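The listed protein sequences correspond, in order, to chains C and X. If you read the first sequence in this note's numbering, its first letter stands for residue 96, the second for the next number, and so on. If you read the second sequence in this note's numbering, its first letter stands for residue 96, the second for the next number, and so on.
Hints are computed from structural coordinates only; laboratory data are not their basis. These figures come from a predicted structure and were not determined experimentally. Errors might be hidden in some of the hints.
Straight line, CA to CA, 20 angstroms or less: simulated EDC-like cross-link-like pairs of lysine to aspartate or glutamate [to be verified]:
| # | chain 1 | residue 1 | chain 2 | residue 2 |
| --- | --- | --- | --- | --- |
| 1 | X | K263 | C | E183 |
| 2 | C | K391 | X | D333 |
| 3 | X | K263 | C | E187 |
| 4 | X | K361 | X | D416 |
| 5 | C | K191 | X | D375 |
| 6 | X | K401 | X | D416 |
| 7 | X | K124 | X | D333 |
| 8 | C | K361 | C | D393 |
| 9 | C | K391 | X | D236 |
| 10 | C | K263 | C | E183 |
| 11 | X | K188 | C | E207 |
| 12 | C | K188 | X | D209 |
| 13 | C | K97 | C | D333 |
Number of protein chains: 2
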Amino acid sequence: MKILITGSGGMIGRKLVERLARDKTLGGKAITGLTLVDVVDSPIPEGCPNNSKGIVTDFSERGVATTLISERPDVIFHLAAIVSGDAEANFEKGYKINFNGSRAFFEAVRLESDKSPYKPRFVFASTLAVFGPPFPDPIPDDFALTPTTSYGTQKAMTELMLADYSRKGFLDGVGVRLPTICIRPGKPNKAASSFFSGILREPLAGQEAPLPVGDEVRHWFASPRAAVNFFINAATIDTSSLGPRRSMTMPGVSATVGEQIEALRKAAGNKAVALIKRIDDPFVAKIVQGWAGRYKPDLATRMGFKAEKNFDEIIAIYQEDEMGK
Amino acid sequence: MKILITGSGGMIGRKLVERLARDKTLGGKAITGLTLVDVVDSPIPEGCPNNSKGIVTDFSERGVATTLISERPDVIFHLAAIVSGDAEANFEKGYKINFNGSRAFFEAVRLESDKSPYKPRFVFASTLAVFGPPFPDPIPDDFALTPTTSYGTQKAMTELMLADYSRKGFLDGVGVRLPTICIRPGKPNKAASSFFSGILREPLAGQEAPLPVGDEVRHWFASPRAAVNFFINAATIDTSSLGPRRSMTMPGVSATVGEQIEALRKAAGNKAVALIKRIDDPFVAKIVQGWAGRYKPDLATRMGFKAEKNFDEIIAIYQEDEMGK
């Protein structure tokens, strides 16, 4: 089985590639080649089959998707996107990469399947930003797509196309709406959600971390390991029982910042908690206000997607996977 | 005020143009010109301002939207589309006209507004086919977009873009999800919903009409006159109170086929009802099964959109507007 991964140089992409290289199989079938696509170099980890290769390219450029699909990968993991803030600041770029680019893959698959039978599993990394306020608590699976960012709009439009191309039999699509990934390894970034990881990651490393919101702020989380499991599951589930709704809200841990802090206290003590520095950042506080804290991911749960049960588990996974504990 | 109307040669388009020609104003402002765009000739009714013109063109062809928008219409009624059955049978054509074509208008407006301030009201004719089964009864405003046709998918994607372009301030969009229009004047057509009009229109003219479904089938209706009112209202409401959700399910009459028949009996007697001939058509019956019969259009109702109260009114409007009674 041949696998194509876009966004393979990103944090989740790299972990997914490492997992596939380790497993050597997907859904019981031997992996014969991995094609890793990103605008940056994708590391090819040990254990990858010989037929694996990294390609540095922008998939939203004309002809790129067609060329990639002409190799007829059996599974496509489409993780690449520009992030929310970038898509909001750069309107044309957001639509070009996040929407046109995804559409180019769908069209490439459709036209390839016109030549001779071909129907790959297409796993699409979507987002909970397809939902926008006002929303109920928790947000059910059948809540309206009401994005309030261009990023969320582009992902919602792609979800709709994924479902239509699946319904028409051109591909076999599964959309995975990821929770906020926590604890992200590495350095803080400019995402408004960065502090959710920072207030755990930095104190666990003995460093200070800023906290721009109150303890009562509730959010929806899953570990990087859970995210990789979501993608593996999405590539291997029986979609015949999925029905026409191909994109699913993933399960997650609903936790307040206060609950995150208590989990940190259990794992690393009061000294670690003391490293969290409360700061005033009305800009971030306002963005975070528009986010939901609770979902009811019935369909994904029924389809076997699993996240952690609480923040103790999320911290333990970080310590195991990133700190060698 | 200059007005652009696409689909101006269609049944609703022609009625909308006639109404604007009669009113001579829209939202209290004098209409100075109507530009009527369709792939067929658009009749220019008496009373239109001198600056009115009909253009026979396909708006989804390259450059057409840009040219039309370069005249800076204050209000755009975008009614043109290919219908559900055509979009389902002709996949590429459906996306080209129903999605790419609408997107071309949005982009033309955005790029025009880049040159100097320009923010037209953009009224988009959407559809209840953005919803697909399984759904609750009634379907609330915040129910998920789950189309099960390519047509519904293309309209849902356009709704999402309309909201995003409105949020970004490029245009001022309002999406109007039309009920099934009843009683359609003219001849039966190939739409699966054709019989809903036929079982009233034909008997009112003393002719037989086939009925392919049972009396218990429930559906959501509004008259052509109500549809024109929806568009006028959409062009003139204060969108600042609309929030981020720019597309609305329109109010309608929820009625069963049995209730339609009883309204016909009241209006035209048993002799008219006897002209309805029950036939077996499992193909149509199956399509109709996937349609909802009841909605809860709270947002549109709050925004002043109004439909008829019952089928007696719908029949009376047909008799007034089409039969000269």
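Structure versus earlier hints, numbers of those that do not hold, lowest first: 2, 5, 8, 10
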